[in-house]
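**Student:** For the protein sequence lines, the chains are A and B, in the order given. Residue numbers for the first sequence, in numbering that gives the first Met the number 0: 0 to 291. Residue numbers for the second sequence, in numbering that gives the first Met the number 0: 0 to 292.
Just so you know, these hints were derived from the structure itself, not from any lab. Cβ atoms here follow ideal geometry from the backbone N, Cα and C, with glycine treated the same way. Hints are not guaranteed to be accurate.
Stated by the list, open to error - Pairs of lysine-lysine, DSSO-like flavour, derived with a Cα cap of 30 Å:
{"id": "1", "chain 1": "A", "residue 1": "LYS142", "chain 2": "A", "residue 2": "LYS100"}
{"id": "2", "chain 1": "A", "residue 1": "LYS265", "chain 2": "B", "residue 2": "LYS199"}
{"id": "3", "chain 1": "B", "residue 1": "LYS204", "chain 2": "B", "residue 2": "LYS121"}
{"id": "4", "chain 1": "A", "residue 1": "LYS103", "chain 2": "A", "residue 2": "LYS142"}
{"id": "5", "chain 1": "B", "residue 1": "LYS171", "chain 2": "B", "residue 2": "LYS261"}
{"id": "6", "chain 1": "A", "residue 1": "LYS94", "chain 2": "B", "residue 2": "LYS100"}
Stated by the list, open to error - Quick list of the computed label-pair ranges, beta carbon to beta carbon:
{"id": "7", "chain 1": "B", "residue 1": "ASP117", "chain 2": "A", "residue 2": "VAL179", "range": "57 to 63 Å"}
{"id": "8", "chain 1": "A", "residue 1": "ARG135", "chain 2": "B", "residue 2": "ALA34", "range": "24 to 30 Å"}
{"id": "9", "chain 1": "A", "residue 1": "ILE239", "chain 2": "B", "residue 2": "ALA156", "range": "55 to 61 Å"}
{"id": "10", "chain 1": "B", "residue 1": "ASP42", "chain 2": "A", "residue 2": "PRO86", "range": "29 to 35 Å"}
{"id": "11", "chain 1": "B", "residue 1": "ASP42", "chain 2": "A", "residue 2": "GLU172", "range": "26 to 32 Å"}
{"id": "12", "chain 1": "B", "residue 1": "GLY216", "chain 2": "A", "residue 2": "ILE266", "range": "22 to 28 Å"}
{"id": "13", "chain 1": "B", "residue 1": "ARG201", "chain 2": "A", "residue 2": "GLU37", "range": "37 to 43 Å"}
{"id": "14", "chain 1": "A", "residue 1": "GLN145", "chain 2": "B", "residue 2": "THR192", "range": "48 to 54 Å"}
{"id": "15", "chain 1": "A", "residue 1": "VAL179", "chain 2": "B", "residue 2": "GLU24", "range": "36 to 42 Å"}
{"id": "16", "chain 1": "A", "residue 1": "PRO169", "chain 2": "B", "residue 2": "ALA99", "range": "31 to 37 Å"}
{"id": "17", "chain 1": "A", "residue 1": "ALA205", "chain 2": "B", "residue 2": "ALA34", "range": "26 to 32 Å"}
{"id": "18", "chain 1": "A", "residue 1": "LEU92", "chain 2": "B", "residue 2": "LEU202", "range": "47 to 53 Å"}
{"id": "19", "chain 1": "A", "residue 1": "ILE239", "chain 2": "B", "residue 2": "ARG215", "range": "43 to 49 Å"}
As the list claims (entries may be wrong) - Just so you have them, the derived chain B footprint on chain A, three or more residues with Cβ under 8 Å:
{"id": "20", "region": "108-117"}
{"id": "21", "region": "131-137"}
{"id": "22", "region": "196-210"}
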Amino acid sequence: MSPPPIDPLPARVPNRWDLPDLGLGVGLRTQHFRHITEKWPAMDWFEILSENFIDTEGRPLHFLDQIAERYPIAMHGVCLSVGSTDPIDFGFLDKLKALSKRVKAKWLGDHICWTGVNGLNGHDLYPVPYTEEGLRHMVSRVKIMQDYLEQPLVLENPSTYLTFRVSAMPEEEFIARLAVEADCALLLDVNNVYVTCRNHDLDPCAYIDRIPAEHVVQVHLAGHTDNGTHCIDTHDGRVIDEVWQLYARFHERAGGRATLLEWDAKIPKFSVLQQEVGKAARFRNGARKAAA
Amino acid sequence: MRDMASLATLERWMQAVVMHPEGAEAGIQARAARALLADAARDPESVVLPSKNLTTLERLGIYADMYYLRLIEVMEGEYPTTRQLIGEHAFAAACRHFIAKNPSRSHTLNALSLRFPDFLAKTLPRTARNGLAVDVARIERAMEDVFDAPRAEPMTAAQFAAIGAGDWNRTKLRVNPALALLKLRYPANAYMTALRRGGKPRLPKPRATHVIVFRRGFQVFRRDQEPEQWKLLQALVAGKPLAGAVRATLGGRGARADLVAKRLGKWFEEWSSAHLFVQPLKGTVTFKGDGHI
Chain A
0 MSPPPIDPLP ARVPNRWDLP DLGLGVGLRT QHFRHITEKW PAMDWFEILS
50 ENFIDTEGRP LHFLDQIAER YPIAMHGVCL SVGSTDPIDF GFLDKLKALS
100 KRVKAKWLGD HICWTGVNGL NGHDLYPVPY TEEGLRHMVS RVKIMQDYLE
150 QPLVLENPST YLTFRVSAMP EEEFIARLAV EADCALLLDV NNVYVTCRNH
200 DLDPCAYIDR IPAEHVVQVH LAGHTDNGTH CIDTHDGRVI DEVWQLYARF
250 HERAGGRATL LEWDAKIPKF SVLQQEVGKA ARFRNGARKA AA
Chain B
0 MRDMASLATL ERWMQAVVMH PEGAEAGIQA RAARALLADA ARDPESVVLP
50 SKNLTTLERL GIYADMYYLR LIEVMEGEYP TTRQLIGEHA FAAACRHFIA
100 KNPSRSHTLN ALSLRFPDFL AKTLPRTARN GLAVDVARIE RAMEDVFDAP
150 RAEPMTAAQF AAIGAGDWNR TKLRVNPALA LLKLRYPANA YMTALRRGGK
200 PRLPKPRATH VIVFRRGFQV FRRDQEPEQW KLLQALVAGK PLAGAVRATL
250 GGRGARADLV AKRLGKWFEE WSSAHLFVQP LKGTVTFKGD GHI
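Given only the sequences and the hints, what does the whole structure look like? Please build it.
**Tutor:** Okay, here's the thing in structure tokens:
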């Protein structure tokens with residue numbers, strides 16, 4: 000079965016780059032390679048974890064090549080480390096660029112975070128202090144990276160679990176200013192907004208409303224683990240109602256944005272992913288009515 | 000924090016804390032973190048704020064716990080049989096120790112445990128079970144390496160057939176980059192195969208074995224080899240011409256030419272079907288002549 004045609008939602012606030020609303024997609028995971036390449040199931044697009052397809056010429060790349068022939072692909076990484084004080088790794092950027100060309104990626108991005116210093120990689124998304132100095136540092140690095148990659152970076156708000164005492168502005172203000180000053184694109188992860196706001200006792204609606212819609216080209220949805228005292232961004236289950244409401248809230252303001260469901264642990268059958276991401280249509284349609 | 004040095008210090012401090020193998024609390028008190036932010040050892044809240052529900056140490060602890068949990072989980076996926084052999088807890092402890100000593104320096108996790116088998120060989124108590132576990136770890140690591148190795152088109156039967164007897168002195172075969180050769184102290188490959196088939200194999204006694212791990216298409220295989228067979232392959236991997244490699248491994252004085260030819264025929268047939276030899280790089284080798292392997 001071939002994927003159905005994409006039904007893009009009108010953008011009330013178009014993104015600055017006219018990047019397309021790809022519709023509803025899911026993260027491409029190893030467990031589904033065979034199913035996808037045998038059944039070619041209905042799915043508007045896939046997002047790949049960039050690092051999983053770099054420095055390998057084995058089976059994953061073999062499947063990705065086939066999938067990229069039939070579906071739009073966006074690249075999303077975890078090691079760009081835009082907030083790190085280590086030197087920029089241009090060799091890594093070269094690899095990202097080559098992969099982007101290979102799969103004809105619609106865009107490539109990462110997270111607003113740092114992943115290591117002193118040449119190490121913690122393979123986690125560490126928070127930056129939200130200060131003027133931190134902002135200037137990140138703006139400068141993002142600009143250099145974008146120039147080198149010759150395309151806007153699509154940067155995601157991470158789930159955060161701590162606050163530095165030196166932070167002088169709210170996270171969403173830092174992100175909004177980063178987007179404007181570096182002229183980069185944003186990936187608004189509404190689950191991360193929820194998790195972060197729970198962990199820092201903040202209002203997620205106010206957070207969402209302060210994100211500049213014209214910079215947002217993509218939205219993430221995911222499940223998380225609620226430990227009572229705090230939430231962890233585990234990507235291991237369905238999207239909760241509160242997160243759907245945040246998704247709807249953003250779409251009412253912004254209109255159509257490429258939407259992606261992440262499910263990275265306890266990964267279910269592909270049909271479950273289809274069903275879960277399909278729910279987004281309801282909220283997008285609600286936004287469509289609001290837009291009309 | 001007033002300048003870039005402060006940002007760098009803060010990042011280095013947080014990394015030192017969350018990568019400490021005994022957790023965030025020990026990390027804050029450790030020399031590496033104290034050298035960066037001494038005050039934080041006395042007053043962690045001077046750097047990281049508590050939340051409504053969590054203390055500063057608990058918040059840092061989320062990152063510290065996730066660091067080891069995530070990487071150990073990756074290694075559990077890479078070394079399932081090693082883990083089974085040495086036990087869940089001992090394996091996790093070994094991973095934690097290894098990660099603390101060998102933190103990742105790569106943007107991919109594929110390279111994280113490159114030196115893990117050597118680390119186990121050095122650090123595990125010397126028992127028969129652990130000896131086998133080290134060899135199993137070497138095979139499991141090789142399977143990871145081969146999985147990601149570059150692709151290459153296999154040599155065709157016609158290309159093999161075109162290597163004439165007169166070409167042997169100068170012909171160098173290009174070996175599949177997705178091939179690893181392992182010389183082991185235990186029959187680890189047979190043990191893994193028995194386990195995979197659902198058996199409950201006894202711990203084998205030490206016995207030198209020669210194993211190859213290779214990828215054919217996109218599937219990874221492991222296979223025992225005869226010692227001379229393995230040595231010949233090793234010589235070819237090292238870039239020796241065919242004739243020289245055969246002489247070095249099978250061609251001792253008194254070797255019967257017909258028996259040597261028979262063994263070679265069998266081995267090359269096996270290797271050819273396993274795609275161990277691949278298309279030569281452009282401009283390096285041509286196959287001409289009338290002989291056959």
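**Student:** All the hints need checking, so say for each whether the structure fits it.
**Tutor:** Outcome of the hint check:
no., hint, in the structure
1, A:LYS142 with A:LYS100, "20 Å, holds"
2, A:LYS265 with B:LYS199, "29 Å, holds"
3, B:LYS204 with B:LYS121, "20 Å, holds"
4, A:LYS103 with A:LYS142, "22 Å, holds"
5, B:LYS171 with B:LYS261, "21 Å, holds"
6, A:LYS94 with B:LYS100, "28 Å, holds"
7, B:ASP117 with A:VAL179: 57 to 63 Å, "50 Å, violated"
8, A:ARG135 with B:ALA34: 24 to 30 Å, "26 Å, holds"
9, A:ILE239 with B:ALA156: 55 to 61 Å, "59 Å, holds"
10, B:ASP42 with A:PRO86: 29 to 35 Å, "32 Å, holds"
11, B:ASP42 with A:GLU172: 26 to 32 Å, "27 Å, holds"
12, B:GLY216 with A:ILE266: 22 to 28 Å, "25 Å, holds"
13, B:ARG201 with A:GLU37: 37 to 43 Å, "41 Å, holds"
14, A:GLN145 with B:THR192: 48 to 54 Å, "51 Å, holds"
15, A:VAL179 with B:GLU24: 36 to 42 Å, "40 Å, holds"
16, A:PRO169 with B:ALA99: 31 to 37 Å, "35 Å, holds"
17, A:ALA205 with B:ALA34: 26 to 32 Å, "40 Å, violated"
18, A:LEU92 with B:LEU202: 47 to 53 Å, "49 Å, holds"
19, A:ILE239 with B:ARG215: 43 to 49 Å, "45 Å, holds"
20, 108-117, "holds (count 4)"
21, 131-137, "holds (count 3)"
22, 196-210, "holds (count 3)"
The structure fails to meet hints 7, 17 from the earlier list, while all remaining hints are met.
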